[in-house]
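Guided by the hints, dock chain B onto chain A, whose structure is given.
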Amino acid sequence: MHLHGKKAQATTELAIFGSLILVIFGALLSYGQRLNEEQAVTMDAFRYAVQRAGTDNGFVDYTVIKNKGLYDLMGSFLNPQSSSFSGNASILWAKGESDSRSYYRVNDDEIELQRIEKDTDQDDENGDAVKKDTPVEVWDTETQDVTHYAENTAKAEDGAGITTTQSAELQDRITLVLKTRFNEAKGDNESYVDADDVVVEQCLYRDENGKLRYSQAACSGAQPTVTKSQRWRTAW
Amino acid sequence: MVRERAQVTLEACLIFVAIVLFLFGIMQVWLWLDVNIADRSHSFNLTRLDAGNNPDREAPILLEDYYTARPLTEDTVFNGEFSPPETLKGEYNGLETSIRTYKEQVADRRNLAGQKKRFSDYHKPKKDNQEERDNSEE
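Chains A and B, in that order, give the protein sequences.
The first sequence begins at 55 in the working numbering and counts up by one.
The second sequence begins at 162 in the working numbering and counts up by one.
No lab work stands behind these hints, which were simulated from the structure alone.
We put the CB at the ideal spot given by N, CA and C, even for glycine.
Some hints could be false.
[Unchecked claim] Covered by chain A, per the in silico footprint, the following chain B stretches (three or more residues, Cβ under 8 angstroms):
id : segment
1  : 195-209
2  : 213-225
[As the list claims (entries may be wrong)] Sample of chain B residues lacking proximity to chain A, with all beta carbon distances greater than 12 angstroms (derived):
id : residue
3  : Asp236
4  : Phe239
5  : Asn240
[Unchecked claim] Heads up, simulated SDA-like pairs for lysine to any residue below, C-alpha to C-alpha not over 25 angstroms straight-line:
id : chain 1 : residue 1 : chain 2 : residue 2
6  : A       : Lys122    : B       : Ile187
7  : A       : Lys265    : B       : Glu219
8  : A       : Lys172    : A       : Asp251
So that you can see chain A by itself, here it is in the shape it has in the complex:
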């Protein structure tokens, strides 16, 4: 290998492959964070379902959807990698006649899906089919995310050093559309009709504990702006 005249070759190579290494490490960390969040959301879905099954006395299908920003090595200040996690639990817990309900908890808001009266396989004493309220099912979801992000960096230099101030503002509005349908056919047959879409519009806000959350209530009135700033000084 002829190295003559090739100064700082390893440094140059690292500059090229270093970014690749950072991306790989970043992906590893994101994966770990995702595992954690998915576990938490699945556990919460189960607990919500247990509570609802107890109060509703019946079969409950509960889905939790949570939007959360993950730490991102390549991301900018206060603009995390926006991610969505979901968990689901179905529980039958009833005494006597059971009811069937379906819930969606999207971040802070709980939505019960519409129920439609449906003929069951059972007949009453008159020979008519017994009717029962049955929740619609979600066959597709659409998400729209509108983000406004602004970052400002200011440097003030004096005789003793430099003071750097970095600040950022973030507005985020998520619109989730749950496409629902209803199976009119009895038994295992399928005959679907579209039901009303469920539209959930939520805005980002900072709660009293300093955590970033989304809720429908935050969208009422002026959209909240989340801010973050940091300052450091380099002395010489």
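Below, chain B without anything else, positioned relative to chain A:
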């Protein structure tokens, strides 16, 4: 220009150290995530019965009611030391809702023994039993 021999090798050595340190830092963060998953599972199982027997049913027993992630600190990344859970949520009905990490378990055993021992020291009784059996055979 003076010929600089093995410059690439020298630079690679320096950079390699930086990469390895960085890798160890990432591994510690991974371990922290791992401990969180184990802690959360442990807490979830401890509160399982209460979640079902919850008489009020005004609200479900959720993770945020009884579990707080251990803080990720510089000590965790650089020294591998895990902080205990931040609040009293780490205890539920008198039971610890966070697991003890391997290092903590070893430290506990050292404290109980009242002296510093290596982890392998705790396997000594097995050896003693073997010696007893050997003696009895004789």
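Index of numbered hints that the structure contradicts, given in increasing order: none
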